[in-house]
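Trainee: Once you have looked at the hints, place chain B on chain A.
2 protein chains.
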Amino acid sequence: MVVTIKDIAEKVGVSVTTISRVLNNRGYLSDSLKKKVSEAMEEMNYQPNEVARSLLRKKSHIIGLILPDISHPFFGEVTKHIEAFAYDQGYKLMLCNSLHHKKKEKEYIDLLRASRVDGIIMGSHTMSVKDYMSINLPLVTLDRQISKSIPFIASDNYQGGVLATQLLLRKKCRKIAYLSGNLRLSLLAKQRHDAFLEQVSGQDAQFQFIVKQTDLNGFKYKEYEKLVSGLFQEHPDLDGVFASSDMLALQVLKQCRRLGKAVPDQVKVIGYDGISVGDAEDLTTIVQPIKMMGELAVRYLLLQIAGEQVPLETILPVRLSEKATT
Amino acid sequence: MVVTIKDIAEKVGVSVTTISRVLNNRGYLSDSLKKKVSEAMEEMNYQPNEVARSLLRKKSHIIGLILPDISHPFFGEVTKHIEAFAYDQGYKLMLCNSLHHKKKEKEYIDLLRASRVDGIIMGSHTMSVKDYMSINLPLVTLDRQISKSIPFIASDNYQGGVLATQLLLRKKCRKIAYLSGNLRLSLLAKQRHDAFLEQVSGQDAQFQFIVKQTDLNGFKYKEYEKLVSGLFQEHPDLDGVFASSDMLALQVLKQCRRLGKAVPDQVKVIGYDGISVGDAEDLTTIVQPIKMMGELAVRYLLLQIAGEQVPLETILPVRLSEKATT
Numbered sequence: 001m002v003v004t005i006k007d008i009a010e011k012v013g014v015s016v017t018t019i020s021r022v023l024n025n026r027g028y029l030s031d032s033l034k035k036k037v038s039e040a041m042e043e044m045n046y047q048p049n050e051v052a053r054s055l056l057r058k059k060s061h062i063i064g065l066i067l068p069d070i071s072h073p074f075f076g077e078v079t080k081h082i083e084a085f086a087y088d089q090g091y092k093l094m095l096c097n098s099l100h101h102k103k104k105e106k107e108y109i110d111l112l113r114a115s116r117v118d119g120i121i122m123g124s125h126t127m128s129v130k131d132y133m134s135i136n137l138p139l140v141t142l143d144r145q146i147s148k149s150i151p152f153i154a155s156d157n158y159q160g161g162v163l164a165t166q167l168l169l170r171k172k173c174r175k176i177a178y179l180s181g182n183l184r185l186s187l188l189a190k191q192r193h194d195a196f197l198e199q200v201s202g203q204d205a206q207f208q209f210i211v212k213q214t215d216l217n218g219f220k221y222k223e224y225e226k227l228v229s230g231l232f233q234e235h236p237d238l239d240g241v242f243a244s245s246d247m248l249a250l251q252v253l254k255q256c257r258r259l260g261k262a263v264p265d266q267v268k269v270i271g272y273d274g275i276s277v278g279d280a281e282d283l284t285t286i287v288q289p290i291k292m293m294g295e296l297a298v299r300y301l302l303l304q305i306a307g308e309q310v311p312l313e314t315i316l317p318v319r320l321s322e323k324a325t326t
Numbered sequence: 001m002v003v004t005i006k007d008i009a010e011k012v013g014v015s016v017t018t019i020s021r022v023l024n025n026r027g028y029l030s031d032s033l034k035k036k037v038s039e040a041m042e043e044m045n046y047q048p049n050e051v052a053r054s055l056l057r058k059k060s061h062i063i064g065l066i067l068p069d070i071s072h073p074f075f076g077e078v079t080k081h082i083e084a085f086a087y088d089q090g091y092k093l094m095l096c097n098s099l100h101h102k103k104k105e106k107e108y109i110d111l112l113r114a115s116r117v118d119g120i121i122m123g124s125h126t127m128s129v130k131d132y133m134s135i136n137l138p139l140v141t142l143d144r145q146i147s148k149s150i151p152f153i154a155s156d157n158y159q160g161g162v163l164a165t166q167l168l169l170r171k172k173c174r175k176i177a178y179l180s181g182n183l184r185l186s187l188l189a190k191q192r193h194d195a196f197l198e199q200v201s202g203q204d205a206q207f208q209f210i211v212k213q214t215d216l217n218g219f220k221y222k223e224y225e226k227l228v229s230g231l232f233q234e235h236p237d238l239d240g241v242f243a244s245s246d247m248l249a250l251q252v253l254k255q256c257r258r259l260g261k262a263v264p265d266q267v268k269v270i271g272y273d274g275i276s277v278g279d280a281e282d283l284t285t286i287v288q289p290i291k292m293m294g295e296l297a298v299r300y301l302l303l304q305i306a307g308e309q310v311p312l313e314t315i316l317p318v319r320l321s322e323k324a325t326t
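Top to bottom, those sequences are chains A and B.
Every letter in the first sequence is one number past the one before it in the UniProt record's numbering, and letter 326, counting from 1, is 326.
Every letter in the second sequence is one number past the one before it in the UniProt record's numbering, and letter 110, counting from 1, is 110.
The shape of chain A in the complex, shown without the other chains (with noise of 0.2 Å):
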């Protein structure tokens, strides 16, 4: 049974009305009668209704999170950071998981709306801009630039680009192969592909390298391993490995494993991310600082919904972790 003001009120003796001035502090209310109110509250393991509440405040204190796949580590490891920093400052956290719908995207936006979170931070994106600017709420997107006038906090993905390269080229490979996800989705971490073209550039003719890519719809891992295996299938000399994402890395090196290739000695392999899976592989990486990538999405998504200014770009610095692999 859930205990209402109703039975408050008839415990002490008083109307509804009277409990409801308590619970909003309303008026005239004398020391005695708080005291009253309160303790039959304790007893009878009150607990006020967050929904009404939020209807006079007019803030749930919720957030919405919107990300392609929660089950992939690196969102699954910064959502962690997000939610403990929402609850440090009072915020309970929406999840959502768009999968790369469109349509549960916008769902998933109507949803939210209509649930009256105070804002939304964004993983990801398939709508388009204007979908977004009539969104009317506070917005922080992650590792994505949706539009001039919506904030992002993503990490520097073109000094990862080059850190990872010149790593490889040091480490004398003359044939690197760069594995991404779809290079057509506009985010943030196509900078990585850029940088290592521009990298990779400047080298003599006997160099080589390849690009390939994964399908659009993202975070398959039984797709990942098809793509890498087909990379070492047609170029078995390949002595070097740039892949995007840990996920991606862990996938080179079952190929490798697979194969017989020894690593790092005929085959360099680096990932990015610095997710916690990477690790248990010895895998070398770039690390995302994705505990600050979370908290700082909470806090400016707090500052706007109370009415602060906050930075549009917002770009952290990567390092190498450099490992077993390479």
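Keep in mind that the hints were calculated from the coordinates and are not lab data.
Please note: incorrect hints may appear among the correct ones.
Intra- or inter-copy, both count: the list cannot distinguish identical chains.
[As the list claims (entries may be wrong)] With a straight-line Cα cutoff of 30 Å, these simulated DSS-like cross-link-like pairs (lysine-lysine) come out:
(1) K323 <-> K59
(2) K34 <-> K103
(3) K6 <-> K106
(4) K34 <-> K104
(5) K190 <-> K323
(6) K226 <-> K102
(7) K59 <-> K291
(8) K35 <-> K103
(9) K59 <-> K6
(10) K172 <-> K190
(11) K226 <-> K11
(12) K104 <-> K59
(13) K226 <-> K104
Mentor: Chain B only, in chain A's frame:
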């Protein structure tokens, strides 16, 4: 600017009460009036206020999900399925990450009740049984049996333990380590340990086994790493490891690589869970039906919300997936 029913009322030229009657389909309403209101709503991009509606309906269509750690890939994958299935049924997900903190778990439950969630799926618990019994909301637990009266969904941990141990014995392992999370947490996963002990108890006098467990506070990969490296230091002659999670098994594979121990020739390794990152390592493992566990948790919660009876114990089958590490 958020469009309210007052704006719609002004636009159509009727009272707010009339608009409210249309929205809730109460009393006599002419078809032409209904058409005018719905056209005005569409034109002005009106979003019905779910918060206000949930007060009327006494249903929020929100499910609370409390997990120990969303960044652990097993929970990431189960959450993906919970979210997708809840979405199909018109439910939203409020995500709570307890990080094994008793205080945070308790606060979250109070918060979820205050937000009038329709029910809670618990994949975490540190509170006492008494605290759970007083929640007074539909509840389903995942992989945890809190009390005889709260429905739980799990996979067959005992059978998984049998399958894993029998495989290592069949492969002629003579010194096997069982690695797990902390056995004092009263998780159903402890049955894997019981099954292991029962299976190895029939072996001859030369057969040896070791049981190692992590500290209480769970998913810290650095701690996994120390646990595993300590294990090989103490027992350099180990020839089999049954790790009770794929994440632990990945740490075992890493140590084997570092120590130059060939897998599976010198050490055979089997994990538990069947998550994608294990697959990326060609890891032999016990596969839990993660999708079915997530879907049934939602289904049984919604049935309870609808006032229906559900099974108190649901134990789903597991299977052995034999790959490259045994």
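Trainee: So which hints don't hold here, by number, going up?
Mentor: Hints 1, 11 are the ones this structure does not satisfy, whereas the remaining hints hold.
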